[in-house]
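S.K.: Here are the chains, one letter per residue:
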Amino acid sequence: MKIIVCVKAVRQELVFINKVQQSTYVINPYDLLALQNAINIKNTEACTIDCISMGPDSIREVLVKCLALGSDNAYWLNDKAFAGADTIVTTYVLSKGISKIGEYDLIICGEQTVDGETGQVGIGLAERLNIPCITNVEEIIDFTDKYIIVCVKYEDHEEVLKIQLPALVVFKNFKLISNTVSLLHLKKAQRKEIVRWSSNDLCFEKNWCGLAQAKTRVVNVTPELIVKEGRLISGNAKKKAVVISQLIQGRFDADNYG
Amino acid sequence: MDFSMSQEQNMFKRETIDFIRNNLNLEEFYEKYSPEMWQKVAEFGLLGITIGEEYGGLNESYLTAAIIFEAFGYACKNNGFTFVINNHIWVSQNLIYLYGARFLKDKYLKLMVSGERIGAIAITEVEAGSDALSMHARAEKDDQGYVLNGNKMFISNGPIADIFIVFAVTEHSQPKKITAFVVEREFKGVKIGKEIGKMGLNACPTSEVIFNNCYIPKENVLGQYNQGELLLTYALEWERFYEFVPHIGVMQRIMEQCSEHVRTRKQFGIIIGDNQSLSHKIAEMKVAIEMSKQMMYKIAWLKDCGKTAFTETSIFKLYVSENYIKTCRDALQIFGAYGYTKEYDIERELRDALACSIYSGTNEMQKNTIYKMLSFI
Ligand SMILES: Cc1cc2nc3c(=O)[nH]c(=O)nc-3n(C[C@H](O)[C@H](O)[C@H](O)COP(=O)(O)OP(=O)(O)OC[C@H]3O[C@@H](n4cnc5c(N)ncnc54)[C@H](O)[C@@H]3O)c2cc1C
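Quick note, the sequences are listed as chains A and B, same order.
Residue 7 is where the first sequence starts when you use this note's numbering, and the numbers rise one by one after that.
Residue 6 is where the second sequence starts when you use this note's numbering, and the numbers rise one by one after that.
Simulated from the structure, these hints should not be mistaken for lab results.
Predicted model, so just to flag it, every value in this text is computed and none were measured.
C-beta: ideal position from N, C-alpha, C; glycine also.
Incorrect hints may have been included.
Under the rule of at most 27 Å between Cα atoms (straight-line distance), these lysine-lysine pairs were calculated in the DSS-like manner [stated by the list, open to error]: (1) LYS193(A) <-> LYS110(B); (2) LYS146(B) <-> LYS181(B); (3) LYS45(B) <-> LYS193(A); (4) LYS303(B) <-> LYS193(A); (5) LYS45(B) <-> LYS181(A); (6) LYS193(A) <-> LYS181(A); (7) LYS106(A) <-> LYS8(A).
Listed next, the stretches of chain B that the computed footprint assigns to chain A, with coverage defined by at least 3 CB atoms under 8 Å from CB atoms of chain A [as the list claims (entries may be wrong)]: (8) 19 to 26; (9) 50 to 63.
For reference, chain B alone in the conformation it holds in the complex (with noise of 0.2 Å):
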């Protein structure tokens, strides 16, 4: 197995770095979306990574994509920012790409590589959250396409997105039958709700969306008909890779800091780092950052061989977040007051990591998840 990097990977990361570094950290945007920023991003070239040429993307490989996105958490202090554009890249335009017909391709794929439109997804419900399947959203069959009725919750990028990869019920039987959708924001009965307030990550905004009779051309089936529950999981899949891959990156970020904090502040005539309690955290945030990219660079090679990676991603998602906001509680510890204030960003970090057990589906549903596959092993 080898672990080297091409200079082509060593170039991409570097270049994302520097430019990150020079475009995207702007304190005034921690809070907010930038649309300027979006706008750089795309011109950047980032949307497209994998995407094929013939769309406008780069059509490197996940590998490249995974290195590129690690950097990208490790330069990149917006977290919610981050997230907007993986949710945009991972679960929306990477899902027209693989699964998409032609005609779907053709009519988005370009504009969402070069950032003139926005994706998003849409799966949970009020009262489908864990249980997404239990969904009440239901598109009704005619002979032109679907009639969509019901609400989504908790979507990401909901009030900027323009193309929304919508689930929804298309067969009432037991069990009942699956459909995703792409929806266009300018479809007739597509509503936004009002942007919620959350804890963090509050550059990415949330809202809830609508659809009151929204009509759906038969072409904007995504996939097969009836086969959402298997594109469900495959869009999980890639989420609860590609999301969390930049968390590594901000837990090498985090620290750095931690690791310059406790050679300079001293109490009781000792640098802070020479008690053991403090240089141990740091040990393990190293070893979380070090099992977190190994296993990274595995699922990227599963995925780069055109492999299915269920289990390996619910496990990914599950160390990486557990470990992500281990690693943000402990720094927020050795920084003491100071990381508890808003001048030192710590507290921020925090916010923004808790979420990470949540999204791409709960963290006990991942031990689930993980305990189920074990019998297929």
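If we strip away everything but chain A, and leave its shape as in the complex, we get (with noise of 0.2 Å):
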């Protein structure tokens, strides 16, 4: 059984705010976690993982990083011509990348990337695909060559769905802490090829990808910074007991406190 998964590279400082992490580009969070739930399932499965990424020059460390996390091949759809191209273009050349790998069970995609947040990726390169679509996922229960389990959360119910292979899901949540890879995966990473395909390797005309095609773009992603309002608690422990139990049975009388 094969799964494909994608990947985005995004810039670290959008995803680690405060640059602990060493590289220019990490994986996209959320594809992360897609890859992570791929590993899962090919650590009690018999199965192969391709990642897939669109991307530029400086990302290649990106999918070296997938294959030392576990993916057994890496597509690169790599060209000048794709730069800028927003979600139609995206999941066109993903699916002409998709369609060059070949057979495939199931494609695993994350919600959305931090640097773009537009989150129609999954959904548009299924309907390219023309296979089915399930998003919002929160776990694969079981895995098996005909069709999937998956468990789809949502605000205020979640559902258990069956889905027939081929399939794409979606998963909705992220991880930010990329698991260390040991220095040996990374050196046999690092010596496997990663597949290189520009739009001539994917037979379509420069001109129908990357900005020129674009419907859409993405101006700027700025981080919301939510303050929540504090109150520092002063006086004795007894003082203070008094306060947070007043806050909490919203007694609390801030005019009179002090």
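Dock chain one against chain two, each of which comes alone in its own frame, and use the hints as you go.
M.R.: The following block contains the structure:
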């Protein structure tokens, strides 16, 4: 069985605000969770994992990291003409890449990327490949060569769905901390070939992709800083306990505090 | 000369830094050895960077190893633990790999690279410090092997090690002849003394190791019989390089801490970094780091070419250690009373650093060597 994981490399400062991580690019945290789920399946079922990513020259290390983490193959859709792709174009290029890979059973995507935040690629890609798609996936419960059973979570309820393969599932959560891989795994990954395809290899016109065909553009992504109002409670432990209990019971009178 | 790092080296370096920050900076183990941390380092694959793949190593170059260990010093705040690893790799495992017979390699290397066995080196004795060759430990030859008697002092990793590289007199002629042996902790007649309390590097336990009629099979001679003196110089060359490479990383870490502090701490209405007396200290740290790195690249290159670097490693050891200590001393001054407290780590950094002008041959001895070697240049 074959699982294809769609991975995007994103700039590290969008993920790690304090720059504790060392690389310029890291795996988009949503895709990291998707990959982790694929690896979990591989730990129990006989299958191969192919990672596929569209991105510029500088993202090679991210694909090496995918290989080191447990992906068997890595495909890199790399062409200057792909620059500036929106979701419509991205899904087009990815669908071409996936078709060129050949047979597959399951495609796994993360819900969105931290630099685009559009959340459209998974569904768009399924549409282009003409396969069923389930979004909001929390967990893959069962995996056979004919179908998978997944748990889908919504705000107020959850569903357990059985879906025929081939299919595409979109994981809703993200994973921030990438497991460090051993130096040996890293070395083996570095030795593996990463398959690099340009628009020529994918047999389509350059003007069919990139900025030229993009219908939308993400101009900027800024994290929203949510500052919660805080109150410093002073006094001895007894006084603090009284204030906290008043706060919990909604009886706190700020005007008379102090 | 090309000073750029390859993508592979960059990835190794980054992964090492991330691994260390996620796993090795646990404050509870700053002053005591942690077997769990050792296990993690072994699984991460750090122990066998330059060892051949047939023994589970990575077979990487000495330059790559230097880059990784500089990063190790930079990321790992536990200098004692760094010392444990370096003693194991460079003056124990590495000696078996480079100078050991096939039998010794097959017997010990896999276990050492996988971290199942910890190594140590035993040269120093109570009455033989700088004058190491005046050692008294002796190994008498018989048909099957050697009988070792003597006491070795200040043995880093002593209390936790399974395998000791021991130097002992094997011929009492003038000058006397020395041989190196691979001695297992389990050999009859090996006794580990109690742990020696130290000023710093406390995550690396130190002890005396006593050999009382310890029987060593003849296969466990490391290198050639009676050629131990040569092996000792090789061992010290490796030690003076790779035990001091991480110190460059530590200097970088401390410099960054100092830069941050002088930019945020205000006195007399200005940030203290605006005082030249402090900014110059940081500039000097930067100069020392850069100069040390240049020398590091040169020695790594010499080693990758299969050349000796006897004088170079003496110069490196001397320069890095003096500047490492100076950096810590200056950091203490920059942090003022905060640096003197236990809360800010600077006092521990200084305590850890001070030993480096003593181990691997004192700095005075390095100057003697460098001066002596001038006549060979
Ligand atoms: C933290 C630590 C870890 C160590 N780990 C190990 C280990 O794992 N294995 C091991 O075998 N040893 C180890 N040692 C021992 C170390 O190698 C010795 O301490 C070192 O060689 C110096 O010997 P000494 O301490 O006996 O000092 P001494 O030789 O007594 O020297 C005392 C002072 O006299 C000076 N001096 C002596 N002779 C001369 C001279 N000819 N010219 C100028 N100055 C001179 C020295 O520079 C020094 O300042 C360790 C030491 C330390 C501090």
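S.K.: Now look at each hint and say whether the structure bears it out.
M.R.: Do the hints match the structure? See the list:
no., hint, result
1, LYS193(A) <-> LYS110(B), "holds (23 Å)"
2, LYS146(B) <-> LYS181(B), "holds (15 Å)"
3, LYS45(B) <-> LYS193(A), "holds (18 Å)"
4, LYS303(B) <-> LYS193(A), "holds (25 Å)"
5, LYS45(B) <-> LYS181(A), "holds (22 Å)"
6, LYS193(A) <-> LYS181(A), "holds (24 Å)"
7, LYS106(A) <-> LYS8(A), "holds (14 Å)"
8, 19 to 26, "holds (count 7)"
9, 50 to 63, "holds (count 4)"
The structure is consistent with each of the numbered hints, conforming to all of them.
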